[in-house]
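Based on these hints, arrange chains B and C on the given structure of chain A.
Listed below, chain by chain, are the residues.
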Amino acid sequence: MSMNLEREKAVLPPSQMTDTKRVSIGKVLFGATIISMLTALYFIFIFANEEKTMRAAQKIFYYHVSSAWLAFLAFFVTFFFSILFLIKRKRIYDTYAYVSAEIGVVFTIIVLTTGPIWARSAWNTWWVWEPRLITTLILFFIYIAYIMIRQMDGVWDKKARLAAVFGIIGFADVPIVFFAIRWWQTKFHPIVFGDGPSQKGGGIEDTMLVALLVTITAFTILYSYLLHKGVSFEKMKITVEQYKERLRESLDK
Amino acid sequence: MNYEYMLGAYSVAWVVIFAYMFIIGKRHDKLKKEIEFLKQLDK
Amino acid sequence: MNLFRTAFLLAQKDLYSELKTKQILVTQIIFAGLVIVVFSFAFDPANNTTKAVIPGIIWVIIVFSGILGLNRSFISEQRNDTMQGLLVAPMEAASIYLGKFLANFAMILVVEIVSVPFLFLLFDFKFLGSFPYFLLVIFLGSFGFIAIGTFLAALAANSKSSEMLLPLLLFPITTPILIGVVQATKIILTNMDQFSSALAWIQLVTAYDVIFFVVCFLLIDYVLEV
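Protein chains in written order, with the UniProt record's numbering: chain A, 1 to 253; chain B, 1 to 43; chain C, 1 to 226.
So that you can see chain A by itself, here it is in the shape it has in the complex (with noise of 0.2 Å):
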């Protein structure tokens, strides 16, 4: 592996410095993320009607419907950029896969917490061995598996060609995992707990879709924020890395 190693000390070409329009993008998504967070809000708890037998908790509703979304959003933009990155290799296209993965993640933490908190209220229990849970589970666990094959040691454009691989095959498994899992429930054991709570299925009203709609946008948006500091970030960490090489070999001489 010593030619890995020598490809992992050797100078890497010098780069440019990141223009000042970025941070003005920055900005704007920052700004519009509260005001179309602050927007959702007052549409959850003012405009949309109160659900009648659940009451307040069904206002966990929108958040955790946005949150799954979210998680969703991210971990496909994460194979999209996979393929990407895996035919054009272009470092830009890795970091974009990266930072989604990881909001994604962050989202599913979301979904994970608020889900029991509205099971506990709705079902009377924690948690359910329902097809919907397991899938978002075994995605979480999916994608911490490709944040550690992010932090192995080596070069980057190893480190990123094996995540791309596998954030490919880790988002292909995940329709799979859904249909066996809902294969496996309804064989053997009907679902007892009526719907999951995205499976609302046409009963719900039209200020609550509205609402949620408007908490998707705001999701949406808080995403791109994310997206666009995350990258950003990761960005100005290569730049300082370059610039440490350059350093280093100045140093040699």
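These are computed hints drawn from the structure, not numbers from a lab. These numbers come from a predicted model, not from an experiment. Any given hint could turn out to be false.
Have a look at the derived ranges for each label pair, beta carbon to beta carbon [to be verified]:
| hint | chain 1 | residue 1 | chain 2 | residue 2 | range |
| --- | --- | --- | --- | --- | --- |
| 1 | C | Q12 | B | D42 | 17 to 27 Å |
| 2 | A | A172 | C | T82 | 29 to 39 Å |
| 3 | A | S224 | B | W14 | 12 to 22 Å |
Cβ atoms here follow ideal geometry from the backbone N, Cα and C, with glycine treated the same way.
Just chains B and C, lined up with the frame of chain A:
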């Protein structure tokens, strides 16, 4: 009423989001310190 | 075909060196025996309800002793610094994967042939279901598990702590196979009335095996790059 579940869920969600932002901020600070150090070294 | 010929050669090489040292196979079989012993005090073998967990125990044995072998298959190449040799040899990455897969698969089949009858014997299990279908399920399940396992072992071998990384990568990805084969084994061993749903599970596992074998075949080029 079951406000406690709602409050619990919303606070958990925001705690997670803010914790993530806090971690990002920490990483930024660390990197900034490194940049400062490098600048000093450059002089 | 050249792809298969080189793959067979590689598998032969692995199995020969295994026959010489007998390191992995002996470890796997002893480990399987230890798992059986641990289960004997976890679940009382004299108790009748224990029969219900036998299908699960079979797959726990296969999965954990399989992991032991998978960990070794690429690490040993790196220890001896022969990985580079394999990569520059005039063969495709796919045939390295295929060769490693065949070697691992042969080893896990030996482990199963030894340990599963041993399990039935020690737990005094009376075989009621259909034997050919039981063999089919075991074959399909180990095929899928080893196919994905070999691929992820090649991936994890790049890390210094690959023994710890591999289970974390492997278990979430192989969940559908494990669900499918455990359910199918349970039905075939204990309750042949529901045979149609066992067939449905077998179909699911077969489809999954085929899909992932092809995906691994396509993606292995990116994993085994110099």
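Do the hints match the structure? See the list:
In this structure the hint that Q12(C) and D42(B) lie 17 to 27 Å apart at CB is violated, the actual value being about 59 Å. Checked against the hint of 29 to 39 Å, the C-beta distance between A172(A) and T82(C) comes to roughly 31 Å, which is consistent with it. In this structure the hint that S224(A) and W14(B) lie 12 to 22 Å apart at CB holds, the actual value being about 19 Å.
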